[in-house]
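Asker: The residues making up each chain are set out below.
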Amino acid sequence: MKKRALFTLAVSTLFVGLQAVGGSSSVQAAEKTIKFGAPLPLTGALAPEGIKIQRGLNLWMDTANAKGGIKVGNEQYKIKIIYQDYQSNTPRAVQTAEKLITDDKVNFLFSPFGSGATKAASGVSEKYGIPTIASTASSEAVYNQGYKYLFGTFTPNITLTQPLTDMVIAKRPETKTVAILARNDFFPLAIANVMKKSAAKRNLKMVFFEKYAIGTMDHSSALVQMKAAKPDWIFATGYLNDLILIRNQMSELGVKVPVLTMVAGPAYKEFIDGTGKLAENITSAAWWHPAVRYNGKGVMGKTENFNKLFKAKYNLVPDYAEASATAAGIIFQLAIETAGTLDHKKVRDALATMDTETFFGPIKFGANGQISSLKPPVFQIRGGKPLVVYPDVIKQIDLKFGIK
Amino acid sequence: MLYLQILLNGLLLGGLYALIAVGFSLVWGVLNVINILHGTFIVLGSYIAYFAHLYFGIHPFASVIISGSVLFCLGYVIQAGIINRVVAAPVLMTLTLTFGLDLLLNNAMLIAFTADYRKLILTDSLGSYDLWGLILPLNRVAGVGLAALLTFGLYRLLRDSNIGRAIVAVRMDREAATLMGVRVNRINAVTFALGALMAGAAGSIFSIIYPISPINSGLFLGKAFVICILGGLGSVPGAMIGGIALGVIESYGALFLGPEHSTTLAFVILIALLIFRPTGIMGRKGYE
Amino acid sequence: MKKIAIFVAIVALLALPYFGNNYIVRLATVMMMYSVLALSWNFIGGMAGYPSFATAAFFGIGAYVGAILQANGIFFGAAWFAAGLIALIFAAIMGRAILHLRGHYFAIASLVMVEVLREVVNTNDQITGGGMGMNIPILKISVEASGMLFYYSMFVVALLTLATTSWVYHSKLGFGFRCIQQNEAAANMLGVDSTKYKTIAFSLSAVFVGMAGAIYASWVNYIEPPDVFDIFLTIKPVVMVLLGGMGTVFGPIIGAVAFLALEEIVWRNFLTIHSALLGLLIVLLVLFLPKGALFFDYRQFFRGRKK
Numbered sequence: 001m002k003k004r005a006l007f008t009l010a011v012s013t014l015f016v017g018l019q020a021v022g023g024s025s026s027v028q029a030a031e032k033t034i035k036f037g038a039p040l041p042l043t044g045a046l047a048p049e050g051i052k053i054q055r056g057l058n059l060w061m062d063t064a065n066a067k068g069g070i071k072v073g074n075e076q077y078k079i080k081i082i083y084q085d086y087q088s089n090t091p092r093a094v095q096t097a098e099k100l101i102t103d104d105k106v107n108f109l110f111s112p113f114g115s116g117a118t119k120a121a122s123g124v125s126e127k128y129g130i131p132t133i134a135s136t137a138s139s140e141a142v143y144n145q146g147y148k149y150l151f152g153t154f155t156p157n158i159t160l161t162q163p164l165t166d167m168v169i170a171k172r173p174e175t176k177t178v179a180i181l182a183r184n185d186f187f188p189l190a191i192a193n194v195m196k197k198s199a200a201k202r203n204l205k206m207v208f209f210e211k212y213a214i215g216t217m218d219h220s221s222a223l224v225q226m227k228a229a230k231p232d233w234i235f236a237t238g239y240l241n242d243l244i245l246i247r248n249q250m251s252e253l254g255v256k257v258p259v260l261t262m263v264a265g266p267a268y269k270e271f272i273d274g275t276g277k278l279a280e281n282i283t284s285a286a287w288w289h290p291a292v293r294y295n296g297k298g299v300m301g302k303t304e305n306f307n308k309l310f311k312a313k314y315n316l317v318p319d320y321a322e323a324s325a326t327a328a329g330i331i332f333q334l335a336i337e338t339a340g341t342l343d344h345k346k347v348r349d350a351l352a353t354m355d356t357e358t359f360f361g362p363i364k365f366g367a368n369g370q371i372s373s374l375k376p377p378v379f380q381i382r383g384g385k386p387l388v389v390y391p392d393v394i395k396q397i398d399l400k401f402g403i404k
Numbered sequence: 001m002l003y004l005q006i007l008l009n010g011l012l013l014g015g016l017y018a019l020i021a022v023g024f025s026l027v028w029g030v031l032n033v034i035n036i037l038h039g040t041f042i043v044l045g046s047y048i049a050y051f052a053h054l055y056f057g058i059h060p061f062a063s064v065i066i067s068g069s070v071l072f073c074l075g076y077v078i079q080a081g082i083i084n085r086v087v088a089a090p091v092l093m094t095l096t097l098t099f100g101l102d103l104l105l106n107n108a109m110l111i112a113f114t115a116d117y118r119k120l121i122l123t124d125s126l127g128s129y130d131l132w133g134l135i136l137p138l139n140r141v142a143g144v145g146l147a148a149l150l151t152f153g154l155y156r157l158l159r160d161s162n163i164g165r166a167i168v169a170v171r172m173d174r175e176a177a178t179l180m181g182v183r184v185n186r187i188n189a190v191t192f193a194l195g196a197l198m199a200g201a202a203g204s205i206f207s208i209i210y211p212i213s214p215i216n217s218g219l220f221l222g223k224a225f226v227i228c229i230l231g232g233l234g235s236v237p238g239a240m241i242g243g244i245a246l247g248v249i250e251s252y253g254a255l256f257l258g259p260e261h262s263t264t265l266a267f268v269i270l271i272a273l274l275i276f277r278p279t280g281i282m283g284r285k286g287y288e
Numbered sequence: 001m002k003k004i005a006i007f008v009a010i011v012a013l014l015a016l017p018y019f020g021n022n023y024i025v026r027l028a029t030v031m032m033m034y035s036v037l038a039l040s041w042n043f044i045g046g047m048a049g050y051p052s053f054a055t056a057a058f059f060g061i062g063a064y065v066g067a068i069l070q071a072n073g074i075f076f077g078a079a080w081f082a083a084g085l086i087a088l089i090f091a092a093i094m095g096r097a098i099l100h101l102r103g104h105y106f107a108i109a110s111l112v113m114v115e116v117l118r119e120v121v122n123t124n125d126q127i128t129g130g131g132m133g134m135n136i137p138i139l140k141i142s143v144e145a146s147g148m149l150f151y152y153s154m155f156v157v158a159l160l161t162l163a164t165t166s167w168v169y170h171s172k173l174g175f176g177f178r179c180i181q182q183n184e185a186a187a188n189m190l191g192v193d194s195t196k197y198k199t200i201a202f203s204l205s206a207v208f209v210g211m212a213g214a215i216y217a218s219w220v221n222y223i224e225p226p227d228v229f230d231i232f233l234t235i236k237p238v239v240m241v242l243l244g245g246m247g248t249v250f251g252p253i254i255g256a257v258a259f260l261a262l263e264e265i266v267w268r269n270f271l272t273i274h275s276a277l278l279g280l281l282i283v284l285l286v287l288f289l290p291k292g293a294l295f296f297d298y299r300q301f302f303r304g305r306k307k
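Chains as they are written, first to last, in my numbering: chain E, 1 to 404; chain D, 1 to 288; chain U, 1 to 307.
Be careful, since some hints might not be right.
To give a feel for the contact side, a few chain U residues facing chain D, derived at Cβ under 7 Å [unchecked claim]: (1) G103; (2) H104; (3) Y105; (4) I108; (5) E119; (6) G191; (7) A276; (8) L278; (9) G279; (10) I282; (11) V283.
Straight-line C-alpha distance at most 25 Å; calculated SDA-like pairs for lysine to any residue [stated by the list, open to error]: (12) E:K311 with E:N65; (13) E:K256 with D:L138; (14) U:K196 with D:Y3; (15) E:K197 with E:T159; (16) E:K346 with U:S142; (17) E:K105 with U:K140; (18) U:K140 with E:G146; (19) E:K127 with U:Y23; (20) E:K197 with U:N124; (21) E:K404 with D:F276; (22) E:K385 with D:T123; (23) E:K269 with D:I121; (24) E:K197 with E:P391; (25) E:K105 with U:V30; (26) E:K313 with E:R293; (27) E:K105 with U:R26; (28) E:K197 with E:R172; (29) E:K269 with D:F56; (30) E:K196 with U:T123; (31) E:K105 with U:V143; (32) E:K364 with E:T338; (33) E:K127 with U:P137; (34) E:K176 with D:F113; (35) E:K395 with E:G296; (36) E:K176 with E:M206; (37) E:K313 with D:F113; (38) E:K256 with D:L136; (39) E:K127 with U:F76; (40) E:K308 with E:N65.
Simulated from the structure, these hints should not be mistaken for lab results. We put the CB at the ideal spot given by N, CA and C, even for glycine.
Just chain E, same shape as in the assembly (with noise of 0.2 Å):
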């Protein structure tokens, strides 16, 4: 019997052995490439999130290598993505980046998804000194640890709820309440208290504020109190799933306001095929909207050229978060020919200087690392398209009132 067991032992032990050294061996290239790390969830709760960066990774990569790569001083290098699922488990997350860094000996880093991952994972990249990008991070707190190698192409939540708050004060003037309903979750419950400042900002009087429990499946009580407190502003917050339950149910319950907002369902396309008419007039707010105009330093040039690139390969309308995972490889790529190097210390200086114009809007970064200079765009859905209220330069439509 013990023989067995040590039979199984070696066994095991001899695979595990065999794995790693085959993993560590790197192929030698014949081409000069540069190795992007990308952990991703690309399964489990979160994967429809990776996909979406995946998709705006890939289209970066394809259209760069297309064009000769990346020119690093005299030479050229192609772009080489490994991406890494990580489940969508938060520890795995801070793993596979690590792995990627020490294994698969990435040159850069993309966050993986949200901000309480890339958090997480930013521990790793300080520690390595790797340049890091993240796509989707918003929350202030994913950048106050002091760290030097994590820039960011989301500015904070604040940015999202402030010009809508004060757009809808502008345009009804008798707003005076506000409702929010917001997801337990990092992200949903960060925009939430956002909200509740910008709202004391304007003097709002908050009638509701409840959180409720990942994976709640009726939000009916929620639902009824809030009709009770009569509000004229509903704000909710939570990922795709909950929007669409909490739209039907108040649908059902006979909840009517003039204004209601949610983020982050109503900028992609899924969230409007999963409420149908009951979309109609719903406010939102993002980092990127496919009707900004910018003009486009980077393979993308300006944002016409980029909607166009990702509707050839994807048949599909770029949403904002995608939008941010190419722009974050362009912005990777204009630092390292700035800095005509591939030296992480040199390619990170010439993130923290970067002042320039990409298709995803004006590109400059706070002291922090996160970016400070996007004036987030305000849209709402109508006729089951959104459309942009918000900023007055690219507006295709005026706010309207009135939820049924």
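With the hints as your guide, set chains D and U onto chain E.
Answerer: Same frame as chain E, but now just chains D and U:
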């Protein structure tokens, strides 16, 4: 008025919950197997309804027949082919086995359908009805009505049909049933298949209420656990009482404790019951 | 013979960081952690026969206690010990409440504990950070030193757990556990105080898991409720013990190594179907190897003879 509306919401929710639990409770009570696959069966039923509606325009209530039949066959095969081999084994084995099977089925569904949430939208939705100030979401009312019908059907089946009586006999005393000529293996398979059928039917009805994704399977399963402990195992009335009780508790719980706690409330009640009265509200003994 | 083999193995494992690269050290740390989880579950599930699903609860408690203490400036080593102690106390108390249940009811109660704890942590966000998670301060030492620290820490805990397992196995306590597993009523009649023994088994299944949880939190520097109160932290050790041999001393370790090997191969090569493969492994195990690999009669299987 607010309290009345919350009560109504709770009852409607409870009616749906009862349907989730009834199949699960039957399998647990009769076979002494905790079917971890139950949640995934429900989601599969929802997908069948979704695609039937998408490609053939079949109303989800009508596709209850389709999803029920498909799940019945699937359940029968799984039980007869795999679970039956270990049905006399200790609790740990059967629990782990159904867990493993659930991983398989769930992953298969993830690959087939992706994790993206689907929502079935009815073009001619029934809307809501205002009854003296109380809002009645009619889709839910219809869903609960259909669920009640199905549950009642199961109840009659167990009481009046030969197969039903055989199932009850196995639940009461396995050895005695064998001595009476009941083919226990076949009854095992039929019972499990019936549980799957109820799950599939529940899935169809839910498809108009909840977004559909394999990720949701665990949520349904969690509710089923609590309801079974609340209502007692293996009995249809027990599942109904347990379901309605849970719906009402969660509704009021969300009002008094806040929505973030309503799920935890259910679990805390579960633990309290387990500690003090494991046989549930109805007081019927399950297996040990 | 056996003692020499163990000695050689320990020396080899001690020397490992000097031969292997970061990846190997990380993998070995995970292996040590898995061994702790599997050996711990073995006390209550393998020896005493009570299907506990509470491992994740103890791990999560350990992780959060460790994180909270460290966030308040407590030295990490002390935090780890405290975490183990708190997990033990929690298990003793929780055990009093649910150990009188049998079979499925006990399994569910222990499972539900994990859910309740997770929500409790989520709600008390002033202390635990709630849904936003908790950061554990990074130690100001080099990457290599950090890797070695966590490896050796897990190794020590694993060794402690193994030593405890061996001692229990050969002692009256272990005998009592086995009696309870076979027939609890008879064991009581023979003078085995089953309540006391069960509580000890349950507490043993918690203390080292709690320590491992705290070490883990310090290792990854960031924890959130769904990640440390994760049902898979319970299921995987069960599978490992099933693989290696329930109720034995070395079975859980063999199972842990084998499981890790499988997991790494699958994770590298079969991303999209990895949970299906885990499911398949479980199904095959339960159907064909219910007593674990240690008890599997290879010769008979290959010769096709039936017992």
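Asker: The structure should be examined with respect to each hint, and the outcome stated for every one.
Answerer: Against the structure, the hints:
For U:G103, the interface hint holds, since its Cβ comes within 7 Å of a Cβ in chain D; the closest pair sits about 5 Å apart. Against a cut-off of 7 Å between C-beta atoms, the interface hint on U:H104 holds, since the closest Cβ of chain D lies about 5 Å away. Checking U:Y105 against chain D: minimum C-beta separation of about 5 Å stays under 7 Å; hint holds. Because the beta carbon of U:I108 sits about 6 Å from the nearest beta carbon in chain D, less than 7 Å, this interface hint is met.
Proximity of U:E119 to chain D holds as hinted, the smallest CB-CB distance being about 4 Å (cut-off 7 Å). Checking U:G191 against chain D by beta carbon gives a least distance of about 23 Å; that is not within 7 Å, so the hint is violated. The restraint placing U:A276 at the interface with chain D holds, with a minimum CB-CB distance near 4 Å, inside the 7 Å limit. Interface restraint check: U:L278 against chain D, minimum CB-CB distance 6 Å, threshold 7 Å, status holds.
The interface hint given for U:G279 is met, as the beta carbon of that residue sits about 3 Å from the closest beta carbon of chain D, less than 7 Å. Among the interface hints, the one on U:I282 holds; its C-beta lies about 3 Å from the nearest C-beta in chain D, closer than the 7 Å criterion. Nearest Cβ of chain D to the Cβ of U:V283: about 4 Å, under the 7 Å cut. The hint holds. Among the hinted pairs, E:K311 with E:N65 is consistent with the structure: their alpha-carbon atoms are about 19 Å apart, no more than 25 Å.
For the hint linking E:K256 to D:L138, the alpha-carbon distance of about 17 Å falls within 25 Å, and the restraint holds. With a CA separation close to 47 Å, the supplied pair U:K196 and D:Y3 exceeds the 25 Å bound. A C-alpha spacing of about 12 Å is found between E:K197 and E:T159, which places the hinted pair at or below 25 Å, so the restraint holds. A distance of roughly 22 Å separates the Cα atoms of E:K346 and U:S142; the hinted pair therefore holds under the 25 Å criterion.
With a CA separation close to 23 Å, the supplied pair E:K105 and U:K140 stays within the 25 Å bound. Annotation: proposed proximity of U:K140 to E:G146 holds, straight-line Cα distance about 15 Å (limit 25 Å). The straight-line distance between the Cα atoms of E:K127 and U:Y23 is roughly 16 Å, inside the 25 Å bound, and the hint therefore holds. Proximity of E:K197 to U:N124 is assessed by CA-CA distance (about 22 Å); at most 25 Å being required, the pair is judged to hold.
The suggested pairing of E:K404 with D:F276 is violated, with an alpha-carbon distance near 48 Å, which exceeds 25 Å. About 19 Å separates the Cα atoms of E:K385 and D:T123, which keeps this hinted pair within 25 Å; it holds. Distance hint between E:K269 and D:I121 is fulfilled; the C-alpha atoms sit about 15 Å from each other, no more than 25 Å. Distance hint between E:K197 and E:P391 is fulfilled; the C-alpha atoms sit about 21 Å from each other, no more than 25 Å.
For the given pair, E:K105 sits about 21 Å from U:V30 by alpha-carbon distance, which is consistent with the 25 Å threshold. For the proposed pair E:K313 and E:R293, the alpha carbon gap of about 21 Å is at most 25 Å, so the pair holds. Distance hint between E:K105 and U:R26 is fulfilled; the C-alpha atoms sit about 16 Å from each other, no more than 25 Å. Restraint check: the Cα-Cα separation between E:K197 and E:R172 comes to about 19 Å, which is no more than 25 Å; the hinted pair holds.
Distance hint between E:K269 and D:F56 is fulfilled; the C-alpha atoms sit about 23 Å from each other, no more than 25 Å. For the given pair, E:K196 sits about 19 Å from U:T123 by alpha-carbon distance, which is consistent with the 25 Å threshold. Proposed proximity of E:K105 and U:V143 is supported: the alpha carbons are some 15 Å apart, at most 25 Å. In summary, the hint linking E:K364 to E:T338 is supported, as the alpha carbons are separated by about 15 Å, within the 25 Å threshold.
The hinted pair formed by E:K127 and U:P137 meets the criterion: a straight-line CA distance of about 12 Å does not exceed 25 Å. Proximity of E:K176 to D:F113 is assessed by CA-CA distance (about 44 Å); at most 25 Å being required, the pair is judged violated. A distance of roughly 20 Å separates the Cα atoms of E:K395 and E:G296; the hinted pair therefore holds under the 25 Å criterion. Taken as a hint, the E:K176 and E:M206 pair is honoured in the structure, with Cα atoms around 9 Å apart against an allowance of 25 Å.
Pair hint E:K313 plus D:F113 holds up; C-alpha atoms about 22 Å apart against a cutoff of 25 Å. For the proposed pair E:K256 and D:L136, the alpha carbon gap of about 15 Å is at most 25 Å, so the pair holds. Restraint check: the Cα-Cα separation between E:K127 and U:F76 comes to about 19 Å, which is no more than 25 Å; the hinted pair holds. Of the pairs offered as hints, the one joining E:K308 and E:N65 holds, with about 18 Å between alpha carbons and a cut-off of 25 Å not exceeded.
Checked against the numbered hints listed earlier, the structure breaks hints 6, 14, 21 and 34; every other hint is satisfied.
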